[in-house]
Amino acid sequence: MPKDGGIGASTKRREDVRFLTGNGRYTDDINLRGQAYVFFLRSDVAHGKLTNVDTSAAEGMDGVVKIFTGKDFEGVGSIPCGWQVTDKHGQPMQEPGHPVLAQGKVRHVGEPIAAVVAETLGQARDAAEAIVLDIEELPAVINMKDAVKDGATKVHDDLTSNLCYDWGFVEENKDAVNKAFEEAAHVTTLELVNNRLVANPMEPRVAVGDYNRSDGEHTLYTTSQNPHVIRLLMGAFVLGIPEHKLRVVAPDVGGGFGTKIFHYQEEAFCTFAAKACNRPVKWTSSRSEAFMSDAHGRDHVTKIELALDAENNFKAIRTDTYANMGAYLSTFAPSVPTWLHGILMAGNYKTPLIYVNVKAVFTNTVPVDAYRGAGRPEATYQLERLVDKAAHELGVDPIKLRRQNFITEFPYATPVAVEYDTGDYVATMDKLEEMSDLAGFAARRKESEAKGKLRGFGVNCYIEACGIAPSNLVGQLGARAGLYESATVRVNATGGLVVMTGSHSHGQGHETAFPQVIAEMIGIDASMVEIVHGDTARTPMGMGTYGSRSIAVGGSAMVRATEKIIAKAKKIASHLLEASESDIELKDGAFSVAGTDKSVAWGDVTLAAYVPHNYPLEDIEPGLEETAFYDPSNFTYPSGAYACEVELDPETGQVTIERFSAADDFGNIINPMIVSGQVHGGLAQGIGQALMENCTYDSDGQLLSASYMDYAMPRASDVPFYDVDHSCQTPCTHNPLGVKGCGEAGAIGSPPAVVNAVLDAMRSGGKDVAHIDMPVTPSRVWAAMQG
Amino acid sequence: MYNFDVERPTSIADAVQAMSKEEAQPISGGQTLIPTLKARLAAPSVLVSLTGIEEMKGVCMSDDGRLCIGGGTTHSAVAAEAAAHYPGLASVAARIGDPAVRNRGTIGGSLANNDPSACYPAAALGSGATIVTNSREIAADDYFLGMFTTALEEGEIVTEVKFPIPQASHYEKFIQPASRFPLVAVFVAKFSDGVRVAVTGASNDGVFRWTEAEEALSANFSADAVAGLKAEGDMISDLHGTAEYRAHLVGVMTKRAVAAIA
Amino acid sequence: MTQVKMTVNGKTASGDVEGRTLLAQFLRDDQGLTGTHVGCDTSQCGACVVHVNGQAVKACTMLAIEADGATVDTIEGQANADGSLNVIQQAFQDHHGLQCGFCTPGMVMSAAALLKDNPKPTEAEVRHYLDGNICRCTGYHNIVKAIMAASGQDVSAIAAE
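Protein chains in written order, with the working numbering: chain A, 1 to 787; chain B, 788 to 1049; chain C, 1050 to 1210.
For the record, the hints were derived by calculation from the structure and aren't laboratory data.
Worth double-checking, as some hints may not be accurate.
Stated by the list, open to error - Some chain A residues flagged as far from chain B (calculated, every beta-carbon gap over 12 angstroms):
id : residue
1  : 55
2  : 492
3  : 717
To be verified - Cut-off 25 angstroms, straight-line C-alpha distance, at most; resulting in silico cross-link-like pairs (DSS-like, lysine-lysine):
id : chain 1 : residue 1 : chain 2 : residue 2
4  : B       : 825       : C       : 1165
5  : A       : 3         : A       : 453
6  : C       : 1169      : B       : 844
7  : A       : 564       : A       : 598
Computed from a predicted structure; not experimentally measured.
Every residue gets a Cβ at the ideal spot worked out from N, C-alpha and C, and that includes glycine.
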């Protein structure tokens, strides 16, 4: 039994109280004295030459404070990209400029052209409508394969083509992979689309810029997953503000899912404009604006092949992917289809040879970047659909084929450059079979058929790579940042602790889970520990929360800092107890001398640290505050097996999820309740991708799914209760908590299971359809059933 | 939103008076109009709120056996109060939008707007209802003139809707997963003198009567009677479904509606 | 500008509003009741659900002027008199029915409206009732569970945690 409030306990979340009573403090809840509001005039054409922006009629309108255009930002830096990919010829990717406000050209619907700052948002919008734009429309570049053809219209005139990079991985394996295909007993080929998605955290983005003339300090309140990253990118690369004059605060943030990692123009604008207007400037995105300005996710078009030998062993995998970058490179966009995708292509299988080719393409669409899973769902989807297709072609059971090819010995070095430290894919598959009641499926199918419905069962495995690291490796891979995390643990005189972490909580429950770790380490009540995050003025330089990294990297930094605290506290205790330091034991919040009944309480030691009357001042400094930066030696590799059972109405094509089981291995777990919640949310997003969500452009570059009227968000009635389990635990070997991360698993592991189940249902109805693209809408299913 | 003044009349007469102002537009529950205003797709100078007019609210039976619903009656009120008299209609009201939308949205507002995917137009046309305005009565067959177009004149307000009550009726709805409006929905009403079938969501011409199905069902009220029929017309094709798919769904929804009451 | 006056969470609230001022804006900007959130502009997400005269409505799709004279209840007025969480709020915490917290006020207000009319809803009834409330974090599992628990039903058979 875990200790109440310690590691492994399903401690209720302390942050809930403020959220449940309406006392959360989100960025839009922040209103500064004298603030003005900005409305962005955005392009309504996908591609065009911007020949004139005439603001004269708007300037004098009621309430207008100042109007900005691209001209005002000519001396200002470009929105930077944080990752440079090197192509298969050793050349750096093509990297276009990314202005705060459009300069000379507009490249996607929604690109900001001008910004009106006014007394009220209504007045700002009124004036924006009076701005006259001269735009010479150009052909829109939408289809990726057309975009890279010779003679295609260029999104960026100063680049040689629309190809950002052509990446081969591992290029040296290519010939051997091709040879394996020549020698294969069977080759399965699959072409598919990984549909473009919009992350849609329920809180739209908001930015409030403030400038203090007395000390020259800028403050930006923003909806960010990583305020320090924004401070560095915006301060150093866009606006030229040194870190000590720039504070970035990300208070309560209403969900992120990746799309709040990136540095956006609106943040730079509000920071810039607050100084230019000498008053705070606030921007609140509407949902409609979010659809055309938040970075989108996914959008890959892939051909993948699997070579098998006569015994159905996987021999080689070859992929060819087009990845949409959109019109500009968002902060981590280049890394998503490459290092977050290619290195996952081994999945859970011992395939000895793998070659991944990715062509990243510029189009006249909103920039595409990381969305929950980021590259890993794309890898998992193609691989797990492929394996299912192979099983079907070979007439073998899909679970059996998977089991036969599982990696079973760890550590395991894949042919795509990573080493899995631990895992037990057999165990999670065993667990899944038990959870999903496979034995009862035939009876359930009969019941469905009696109602005129088809029933299908689909399964998949997944492997994830979380906590991307170490920094020196990711630097070689093109990251223009380190990927460590930081924590400062400050112990107060009366014994309470404040942890200032570089991780950011926007739904993950850090304020509850992080104290559980410290409570366990020191043996005090978790309520004595407070977590501070989301403010560059209060926390050490940290990289923030994404990629399921917080507990594995941020938690480890906190453990390291707490270890330093304990080591120093033991020195103080040994002095107070007049015993050798090596004899001091810390248990249940008290320091004792081994083998004696002599002890001092935690609070006695912390008080001594700050009131050092009886204190070894000659040996150690007063105070009890430590900082640690933790840079992991490897990624962590959560894994699992998921099963989905669907019912399909053959008359309408409607698919409903009847059961969903998820068996995950996340290593050790701090708070099982929170972990389950993370999986639930990921599953709904994965089911959403598989069945409902689709971000679509027409051939002119107009966004068709531009609001909740057309972008289908999963609702409560679209999903079932999920059955999730994380009892299979192979702890990570290289971080102090043995944790692996759980934030993205649900979204990574669920789409292939859903699609595999739909195809199984269709087969049971006599329709052997080789593949159907996501989202598997009723219209698509019905059309496939007619074919 | 552009700014506008709001008038809150308490009688139909005052509302009609207020509507005579330049650029005046009525607002009932506002569940469609307010999002439209937010998108700045409409620019009224005066909004005449109909929600304070008590004489336009409520559900009752007329002496001639019709169910009369005030134009300002919310969907949730219809769902609750019409159930005993006309369960098929109450069931339509109970499934429009979501609970919060049903607490504001009104039957008059829905019929005046005539969204091609709205639920009420199918119920009104399928029932052969009469739309009563401040100045006249309009038969449903003459009222719906195409997508977002009705027989209403400028300044005319839907004050009441009178529904003949069929022997049996059923509304079969297949939702568009984003908006939760019908992708295709069919209202089937069986009267002693024949069957009416009204379809919403499917056609670029808005709500329509599927006369082939009506004839077949009037002769033989069974799901089999419509099995071979295919709806014709200018069907909507969009990212949620092709025209062909919608035409197919019209048949399926009709069949299921009939099966539910046959 | 027009003066409006309403009773919000039991107290008189008044202010001057434009015709276009939404109830959600009046509550957030005028009254400082920022617990009512705005998550979309097409009346779908339900983060802004409040009660007007006892009925759940979307505060982003109602003009403030239309609420003149009404009784309005928001998330800020839901806790018990002693400040402790009410039954629904407590169930949301007990069953982890929230993560980022942004949709939560609307979820709680919708749940309260549901349980008033239907004190023991089935799972399907809860899910259907939440058609106008979008959550992106929880996958709805623990929200549905919390609402059923708040209605006094035994939810122990629903997958743990």
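Here is what the structure says about each hint:
1. 55: With a cut-off of 12 angstroms, residue 55/A remains clear of chain B, as the shortest Cβ separation is near 19 angstroms.
2. 492: 46 angstroms, holds
3. 717: 10 angstroms, violated
4. 825/B to 1165/C: With a Cα-Cα distance of about 32 angstroms, the restraint between residue 825/B and residue 1165/C is violated, given a limit of 25 angstroms.
5. 3/A to 453/A: Violated, at about 48 angstroms.
6. 1169/C to 844/B: Answer violated: residue 1169/C to residue 844/B is near 30 angstroms, above 25 angstroms.
7. 564/A to 598/A: 23 angstroms, holds
Violated hints, listed in ascending order, are 3, 4, 5 and 6; each of the other numbered hints is respected by the structure.
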